[in-house]
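What the sequence shown shows, in my numbering, is residues 3 to 177, in sequence order.
A few of these clues could be false.
[As the list claims (entries may be wrong)] Result set (DSSO-like, lysine-lysine): computed pairs, CA atoms no more than 30 Å apart in a straight line:
no. : residue 1 : residue 2
1   : 83        : 24
2   : 145       : 159
3   : 160       : 137
4   : 130       : 145
5   : 47        : 16
6   : 159       : 172
7   : 16        : 130
8   : 104       : 70
9   : 118       : 104
10  : 118       : 70
11  : 103       : 24
12  : 104       : 172
13  : 103       : 16
14  : 83        : 70
15  : 83        : 104
16  : 24        : 47
17  : 104       : 24
18  : 118       : 145
19  : 70        : 47
Honestly, the hints are just simulated from the structure, not real lab data.
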Amino acid sequence: MSDITIPDEVVISKIYYIRDQKVMLDSDLADLYEVETRVLNQQVKRNMDRFPDDFMFQLTDVEWEILKSQNESSSWGGRRKLPYVFTEHGVLMLSSVLNSKKSIAVNIQIMRVFTKLREMLTDNLNLKLEIEQIKKKLTNQSKNIELVFDYLDELTKKVETTDEVTERNKIGFKK
3 MSDITIPDEV VISKIYYIRD QKVMLDSDLA DLYEVETRVL NQQVKRNMDR FPDDFMFQLT
63 DVEWEILKSQ NESSSWGGRR KLPYVFTEHG VLMLSSVLNS KKSIAVNIQI MRVFTKLREM
123 LTDNLNLKLE IEQIKKKLTN QSKNIELVFD YLDELTKKVE TTDEVTERNK IGFKK
């Protein structure tokens, strides 16, 4: 096992959300693997049967422009071709076509980051569900408390009206 480590924050900063999927750009992956982008894409093209559409796809002009505008400080330079992006499964498959110690170590780290992100999303969803349950309980409790006060109001009104209607006979000694 190689002792190559890249900070998780660096890997996370290279994950984008496109077409409802978490993906990584070919150029970002090439940087992490320390190979040229064209070398990475050559290896992918030689092994296209390993990269179906749900593992890798090419960005459209619009998607690429939006991505560049969101990341103005990035130095993506003038690309001749639209970039490819790789889903989590595509990144995993890359380790089989880029068979170097560096690519294997980087892939392991990327998989761990994807797993952490998934856990964070699941934890966040669970937290939201718990909050909704608490809100429902509080709503029900406030309704119950309101009912109790309504009943108390009715009872106090009944007691006041019965006191007024029937005059009590005085009890005691007559003189």
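Could you tell me which of the numbered hints above are not met by this structure, giving the numbers in increasing order?
3, 12 and 18
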